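> The whole structure should be built from the sequences, with the hints applied where relevant.
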Amino acid sequence: MTTALTDTDQNINTDKPIVRLENVDFGFDQRLIYKDMSLTIPRGKVTVIMGPSGCGKSTLLGLIGGRLKPKRGNIFFEDQCVNKARGNKLYALRREMGMLFQNSALLTDLTTFDNIAFPLREQTQLDENIIRLMVMMKLELVGLRGAHALFPAELSGGMARRVALARAITLDPSLVMYDEPFVGLDPISMGVIVKLIRELNDALGLSSIVVTHDVSEGLSIADYVYILGNSNVLGHGTPDEILDSQEPMVKQFIQGLPDGPVPYQYPADAYLNDLRHQDNGVDKTRIKS
Amino acid sequence: MIHALISSIRTLGKNTLGMINRLGKAGLFLIPSILGMLKVLRRPRLIIAQLYSVGVLSMVIIIVAGFFVGMVLGLQGYIQLATIKAESSLGLGVALTLTRELGPVVTGLLFAGRAGSALTAEIGLMKATEQLSAMEMMAVNPYERVIAPRFWAGLIAMPLLAAMFSTVGIIGSWLVGVSQFGIDHGIFWSTMQAGIDLREDIFNGVIKSAIFGLVITWIALFEGYNAKPTSEGVSLATTRTVVTSSLSILALDYLLTAFMFGGLD
Numbered sequence: 000m001t002t003a004l005t006d007t008d009q010n011i012n013t014d015k016p017i018v019r020l021e022n023v024d025f026g027f028d029q030r031l032i033y034k035d036m037s038l039t040i041p042r043g044k045v046t047v048i049m050g051p052s053g054c055g056k057s058t059l060l061g062l063i064g065g066r067l068k069p070k071r072g073n074i075f076f077e078d079q080c081v082n083k084a085r086g087n088k089l090y091a092l093r094r095e096m097g098m099l100f101q102n103s104a105l106l107t108d109l110t111t112f113d114n115i116a117f118p119l120r121e122q123t124q125l126d127e128n129i130i131r132l133m134v135m136m137k138l139e140l141v142g143l144r145g146a147h148a149l150f151p152a153e154l155s156g157g158m159a160r161r162v163a164l165a166r167a168i169t170l171d172p173s174l175v176m177y178d179e180p181f182v183g184l185d186p187i188s189m190g191v192i193v194k195l196i197r198e199l200n201d202a203l204g205l206s207s208i209v210v211t212h213d214v215s216e217g218l219s220i221a222d223y224v225y226i227l228g229n230s231n232v233l234g235h236g237t238p239d240e241i242l243d244s245q246e247p248m249v250k251q252f253i254q255g256l257p258d259g260p261v262p263y264q265y266p267a268d269a270y271l272n273d274l275r276h277q278d279n280g281v282d283k284t285r286i287k288s
Numbered sequence: 000m001i002h003a004l005i006s007s008i009r010t011l012g013k014n015t016l017g018m019i020n021r022l023g024k025a026g027l028f029l030i031p032s033i034l035g036m037l038k039v040l041r042r043p044r045l046i047i048a049q050l051y052s053v054g055v056l057s058m059v060i061i062i063v064a065g066f067f068v069g070m071v072l073g074l075q076g077y078i079q080l081a082t083i084k085a086e087s088s089l090g091l092g093v094a095l096t097l098t099r100e101l102g103p104v105v106t107g108l109l110f111a112g113r114a115g116s117a118l119t120a121e122i123g124l125m126k127a128t129e130q131l132s133a134m135e136m137m138a139v140n141p142y143e144r145v146i147a148p149r150f151w152a153g154l155i156a157m158p159l160l161a162a163m164f165s166t167v168g169i170i171g172s173w174l175v176g177v178s179q180f181g182i183d184h185g186i187f188w189s190t191m192q193a194g195i196d197l198r199e200d201i202f203n204g205v206i207k208s209a210i211f212g213l214v215i216t217w218i219a220l221f222e223g224y225n226a227k228p229t230s231e232g233v234s235l236a237t238t239r240t241v242v243t244s245s246l247s248i249l250a251l252d253y254l255l256t257a258f259m260f261g262g263l264d
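For the record, the sequence lines run as chains A and B.
With numbering that gives the first Met the number 0, letter number 100 in the first sequence gets 99, and the count goes up by one each step, no holes.
With numbering that gives the first Met the number 0, letter number 198 in the second sequence gets 197, and the count goes up by one each step, no holes.
It is possible that some hints are incorrect.
[Said to hold, decoys possible] Simulated pairs of lysine-lysine, DSSO-like, Cα-Cα distance not exceeding 27 Å:
(1) B:K227 x A:K70
(2) B:K24 x B:K227
(3) B:K38 x A:K83
(4) A:K34 x A:K83
(5) A:K88 x A:K68
(6) A:K34 x A:K70
(7) A:K34 x A:K15
(8) B:K38 x B:K24
(9) A:K88 x B:K24
(10) A:K83 x A:K15
(11) A:K15 x A:K68
(12) A:K34 x A:K194
(13) A:K88 x B:K13
(14) A:K68 x B:K84
(15) B:K24 x A:K68
(16) A:K88 x A:K194
(17) A:K15 x A:K70
(18) A:K70 x B:K24
(19) A:K83 x A:K70
(20) A:K83 x B:K24
(21) B:K13 x B:K24
Quick caveat, the hints were computed from the structure, so don't treat them as lab data.
This one's a predicted model, so the numbers in the text were calculated from it and none came from an experiment.
Here it is in structure tokens:
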């Protein structure tokens with residue numbers, strides 16, 4: 000099922016991966032999301048996770064962050080098992096992770112400045128002067144030093160995303176996870192976020208995981224790509240390798256074809272039955288008449 | 000006919016199991032909340048901020064309601080007592096009614112409507128907008144940072160608000176009894192002073208209102224924390240907070256009254 004991309008696989012195996020998923024099963028109630036899924040996230044690179052809606056892209060970030068627990072298998076971050084960590088141990092692992100949520104998730108009762116200072120005030124005993132220095136540096140990095148006194152409700156979608164990004168890197172994590180960072184942004188804001196993800200990853204020596212269904216932006220930013228679907232990894236490789244992939248589902252997704260291995264129609268009973276209001280062999284139109 | 004009967008029994012069973020399940024969840028919610036309450040004592044500023052939004056902002060409705068309830072008690076009390084020439088006992092009757100029953104109960108009902116619903120909506124929206132998840136990812140425990148200060152605020156604010164309600168209510172009844180109907184000023188206060196017992200009446204009233212505060216805040220925070228992260232889910236949770244906590248107050252009031260003032264000996 001997985002696209003054969005041996006040269007890149009070797010690169011990943013030689014570099015020690017920052018995140019490993021091993022034979023993970025996960026589902027919500029009866030709905031299966033992952034079945035025996037394994038993947039590795041390379042260190043120091045921007046890894047983009049793509050796939051059709053509902054394939055479990057954001058779920059992956061929940062599992063890596065320890066907010067969701069797998070039914071089977073293990074998730075390792077820096078060789079430590081996230082799904083078995085509890086309490087302070089889990090919080091210690093999370094201090095090494097930053098996360099940008101889809102709707103920014105800024106604390107609405109705090110200003111931009113206080114939002115970025117929040118993790119510092121909660122996690123450190125630093126003096127307020129030093130906190131101010133650090134917050135201003137992060138704000139300068141995302142170009143929003145001038146907006147430090149604004150509340151989240153006063154920020155545009157793109158600005159809120161940048162503030163959330165600044166907050167995600169406040170504690171200098173080794174891994175930053177981005178959940179749909181391009182959704183709902185105008186082209187300029189999107190360009191800014193793309194630039195920031197790339198530059199922050201390289202300048203701060205981070206590892207980044209970007210979850211998106213935006214193919215062009217995703218491929219433009221990626222060092223490595225995973226395409227998820229059918230409860231597992233459909234294909235993975237560098238952006239060029241993904242573009243050349245002959246895997247039918249990967250091709251359908253990358254080319255944005257409306258019908259193919261992922262069907263256009265949601266599974267349903269026979270069309271004629273629905274048109275005639277038939278249900279379980281009972282013709283409702285006949286009963287009504 | 001039999002199908003309808005089986006179906007209604009099945010629905011009853013399903014609803015009962017659902018209710019037991021929610022009770023269990025609410026119990027489990029209480030454990031990390033209490034642990035958080037102990038830890039947050041080191042950060043009184045968080046509690047004070049919540050005391051303001053839960054307590055201070057509820058003061059207007061409590062004081063206005065207390066005043067009118069007191070005036071009505073004064074009016075009705077005088078009319079009834081006058082028929083048996085016992086209008087001099089108005090002060091004592093109103094004070095006992097307010098400190099023992101109406102103070103804690105009506106304050107509880109108003110508190111559930113004003114502060115309880117606000118707490119549920121706030122926590123529910125924080126959940127819907129992933130603010131609680133963001134805190135977890137910043138290694139901040141939401142039970143300690145968000146839930147515990149609000150729990151303390153509810154627990155502290157309710158007895159204070161109930162005391163204000165009773166005080167203003169007594170003033171309202173004094174206004175009606177003394178100013179309007181001409182009851183002797185000295186008799187109004189002296190019967191009250193002689194008849195009200197600090198432990199039996201005031202202290203029990205304070206305990207009652209503290210318990211109501213705990214229950215209302217518990218329900219409000221639990222409903223908010225477990226609300227479905229949609230506008231419909233938050234709306235449903237808010238309604239549930241007001242209904243559940245109002246009914247809980249009334250049921251608990253009977254039990255507490257029987258326990259405190261006799262009947263369960």
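> Quick one: which hint numbers does this structure break? Sort them smallest to largest.
Hints 12, 13, 14 and 16 are the ones this structure does not satisfy, whereas the remaining hints hold.
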